[in-house]
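Asks: Chain by chain, the residues:
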Amino acid sequence: MGETTTQSSPIGARVPMVDAVDKVTGAGKYADDLTLPGMLVGKILHSPHAHARIRSMDTSAAERLPGVRAVVTGAETPVKYGILPVGHDETIFCVDKVRYIGDNVAAVAAESEAIAEHALRLIRVDYEVLPAYFDPEQSMQAETNLIHDDRPHNIEREYHHHFGNVEEGFAQADYIRQDRFDCPEVTHAALEPHSTLARYDAEDGTLTVWSSTQVPYYLKKTLAATLQMPEEKVRVIKPLVGGGFGGKSEVIPLELAAAVLARKAGAPVKITYTREEVFLANRGRPRQIVELKTGVTRQGKLTAVEARIIQDGGAYCGYGVVTILYSGQLLNAMYDIPNVKFDGYRVLTNKPACGAMRGHGTVNTRFAFEQQLNRIASVLGLDPVEIRRRNLLHPPCVTLNNLRVLSYGYPECIDRVVERSGWKEKYGKLPYGKGIGFAGSHYVSGAANPIIRSAMPQSTVNLSVDRQGGVTIFTGASEIGQGSDTVQVQVVAAELGLPLEQVRIVAADTARTPVDLGSYSSRVTFMAGNAAIAAARDAKRRMLQAVARAYGVAEEDLLMEGGRVLGRNGCPLSLTLAEAARLAAGPAGVLTARGSYNTPEESRGGTFKGAGVGPSPAYSYSAQAVEVTVDPETGRVTVDRIVVAHDCGKAINPMNVEGQVIGSVWMGLGQALQEVVDYENGRIKNAGLLEYRTASTLESPPVETILVESNDPEGPFGAKEAGEGSLAATIPALTHAIYDAVGVWIDTLPVTPERILRALQEKQQAEWKSPGTGARM
Amino acid sequence: MIPQSFEYHVPRTLEEASRLAAQFGADGKFLAGGHSLIPMMKLRLAAPKHLIDLTCLRDLAYIREEGEHVRIGALTTHFRIESSALLKEKCPLLPETAREIGDVQVRNRGTIGGNLAHSDPAADWPAAVLALEAELRAVSPRGERGMAAKDFFVDLMTTALASDEVLVEIKVPQLGHGTGAAYAKLHHPASGYAMVGVAAVIALRDNGAVERAAVGITGVGPKAYRAFAVETALHGKPATQAHLNAAAAHAAEGVDVNADLYASAEYRSHLARVYTRRALEAAVKRARAAATA
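Sequences listed follow chains A and B, in order.
For the first sequence, position 235 matches number 234 in numbering that gives the first Met the number 0, and the numbering has no gaps at all.
For the second sequence, position 236 matches number 235 in numbering that gives the first Met the number 0, and the numbering has no gaps at all.
Warning: the hint list may mix true and false statements.
Derived pair list, reagent style EDC-like, types lysine to aspartate or glutamate, alpha-carbon separation capped at 20 Å [as the list claims (entries may be wrong)]: (1) Lys41/B x Glu112/A; (2) Lys48/B x Glu112/A; (3) Lys220/A x Glu230/A; (4) Lys41/B x Glu116/A; (5) Lys170/B x Asp150/B; (6) Lys41/B x Asp31/A; (7) Lys48/B x Glu116/A; (8) Lys41/B x Glu690/A; (9) Lys762/A x Glu265/B; (10) Lys433/A x Asp630/A; (11) Lys41/B x Glu275/A; (12) Lys425/A x Asp382/A; (13) Lys48/B x Asp163/B; (14) Lys684/A x Asp259/B; (15) Lys608/A x Asp342/A.
By construction, these hints were calculated from the structure, which means they are not laboratory data.
Whenever a hint applies, use it, and build me the whole structure from the sequences.
Replies: Shown next as structure tokens:
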């Protein structure tokens, strides 16, 4: 960290993450690294059927097996839960029915993994197999054998939004285009499998859970509810987390199973999922079918957009209601669209539940929209960049659906990418087989409304300044590898004028740190960052007040700089931070300060049904150009280069922001080219990282990152979202590049070589039948 | 995930290895690098009761020239073949193929013998040894014998090796004057195995006609195979583009073609034809260069 000490402010400094060394040396501990004396191994019995009634269950043979210390079933754990208050449809173990292959039927705690596995095989379950639903469009027609009795037609939730008047909008259009896009399910594939260690203390009735979670606060609440314990008796600690991407952003069955087993066995229990179980726990991005209709004038001005979206949510709600809303609500806040209609259906099927995944709800809609916009541009003979410029927002503004946009770096993102990529020299001008494509995307900087509505601030930070001037941050925010801890250390150090080394952080332990809602919806830098700034300012104010009082000077004549309290306006005072802290500590002995953040009322959206999802205090923007080579003989795509510009408001740590943006692009590449959770009658055929492979460094093209700083008026030092918003644009930019290379549009993901080849053959046949029609339609 | 428990044996001699294999029969399995077998064991697709680790038999890791042949010990790693100066000069098809296998870690641990004996339908080496018309030599308590590559691959993950036979050597004839070889592969995007891998060896007469063609194809059917129909179509014909195209059209003839998430049988057959043509083109080009060298 040599460069940090010479830098005047740590804001904008390329500093390594504060937990990097421990991670690299192995000193840092992840959940599965933890052990306790007398710890048992927990294993979960999963359903072999996609949909079946449990007639009876016999666990006696498993209980008699030597080395087995506890067996639990659904009968003992009937309390329903779910991440959303409107979606409490899960129980820790199935009570009456199993709803997907992999559903949780029972669990065992034993003295070894081998014994636990053996015990699972001794559990006898008598199933009555029921008809199952695997395709969302068929599932929506269901009349009988419903997946949940209180969800007619297996529809979890539907929304019908209409802003402006699309009929009028389409009447004004010179060209209307309709397309159907099909994006299959993809999953997070975080390298760290989920792992939970639970300890129950029978003496005082307390439960301590160490878990690989993005949401310690919600986990604590759900543990208390499902185990029917007082919330104050539950403590959740988040160790290092090896990637989440949304897959750990709701309560995962093993977390509850480990706790129930620990309580019953009277000994600590650890469960770590196998990779196959990670796939079964899922919560990935649902398959989404988008029927999109867009009208434009001859000049390319958007007049109306209408989307009918179906999401295949799997067997439980999870975040589903939020996912379907994001898919419609965030059609807005990117371009100026005068009329928007959205019909969204979140459908249940007998497959593992989907949930939040990086770019939550927005990615597949954005793919559809940007692809259609590029198709429209090509039909109208407009430059794809120009059509975007003609439809920009003019912030500050509020969209039709009540999304408030203040900072808007999208125009600059477009300009910078056009310039760096050589767009004008390349688009439509590269030799056959080579192409360049363009697209944009955006994302929220945290959901303006909490999952459980309350007046509680979204994030609170406590700060203590010890008598030697050392600062400790106590924060509930969850570091999951994205830089949560580092960002908070940087902003506090910047506020107090201290070197980073003088600031420690204690995070994500519900017994020691105040509440932060968690690492989801890209909220941490914005919300915990603002709370940390508020706490630092509170500490500063207390120190300046104490010094002013002690020396009889005016507070305005003091300032804090370079780790000292200095006088100004002729006041000659100069104190160290330690001296100021001791004065401020006074008789209490220690200086404590606190700060919190809640979203401004004006950022929380409208009042219509579903208005709560989509609003954010700020939106990030991204533009991308992707260059590819397509082998027209095989359909094989090689991605040669990606130029991405991301408006992150202000890069508090540019190195970290670049890492997040590149990571997003890679994830988009994987979804575009090769990722799909492949089902056959509800069974995952590729539940392993050998068969389901994300893009890796091996196939990564050079990714050139441009950071655009629009300085959001409400962001901490102007900062906003950085970790998700660039994912969505990669996919339509890549498919656009394929079109530029060989002249075919692919509307179904992933864009496999076979799909490209088939499209090329169809195109060839069509041209052979009707010679003279343009290739660029 | 942990594999089923098993007994682990480390024989010090080839005789001991063979004796252990005879003793355990179908319950035993040789380990010769472990980059195919161990993943299968973790997934419970294989559950041998006895693992006989051959990696201590260091005598079986060698590359040497002997007369008209190059001999390669079965425990030679992919990386050693990839980086062998001798092979780059005498049999460049082998380093060219090695380069396409897995990733650096796999190439550093995996061995040619282990790979061939495992006989994965999408492994790379089978295509190369088929096209090179190599001899695969094995030892058992009954003595040593050699098998032609074309007789070695029997079916999906099944070879002509008896359960107590240890594959010890791959004996490769050196290519003659006017001969060229090439390997063309399309990697499976997830596993890196061959969606299709085609090794071609072409010998040209002075008049430019094809004297001999040998084509080995992997990744397409249940086992790697010699594409005899392609070879026959080329024999005696001038190596023109039209003839190469026509010959390559036979690449998947009579084969029960694999289908998976990434390629239907129809698309894979198409790929087999395209990559066969590409391998033939490259081999012909090299044969011409060799003839004029």
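Asks: Hint by hint, note whether the structure agrees.
Replies: Comparing the hints with the structure gives:
| no. | hint | result |
| --- | --- | --- |
| 1 | Lys41/B x Glu112/A | holds (14 Å) |
| 2 | Lys48/B x Glu112/A | holds (19 Å) |
| 3 | Lys220/A x Glu230/A | holds (6 Å) |
| 4 | Lys41/B x Glu116/A | holds (15 Å) |
| 5 | Lys170/B x Asp150/B | holds (15 Å) |
| 6 | Lys41/B x Asp31/A | holds (19 Å) |
| 7 | Lys48/B x Glu116/A | holds (18 Å) |
| 8 | Lys41/B x Glu690/A | holds (14 Å) |
| 9 | Lys762/A x Glu265/B | holds (18 Å) |
| 10 | Lys433/A x Asp630/A | holds (9 Å) |
| 11 | Lys41/B x Glu275/A | holds (11 Å) |
| 12 | Lys425/A x Asp382/A | holds (12 Å) |
| 13 | Lys48/B x Asp163/B | holds (15 Å) |
| 14 | Lys684/A x Asp259/B | holds (10 Å) |
| 15 | Lys608/A x Asp342/A | holds (13 Å) |
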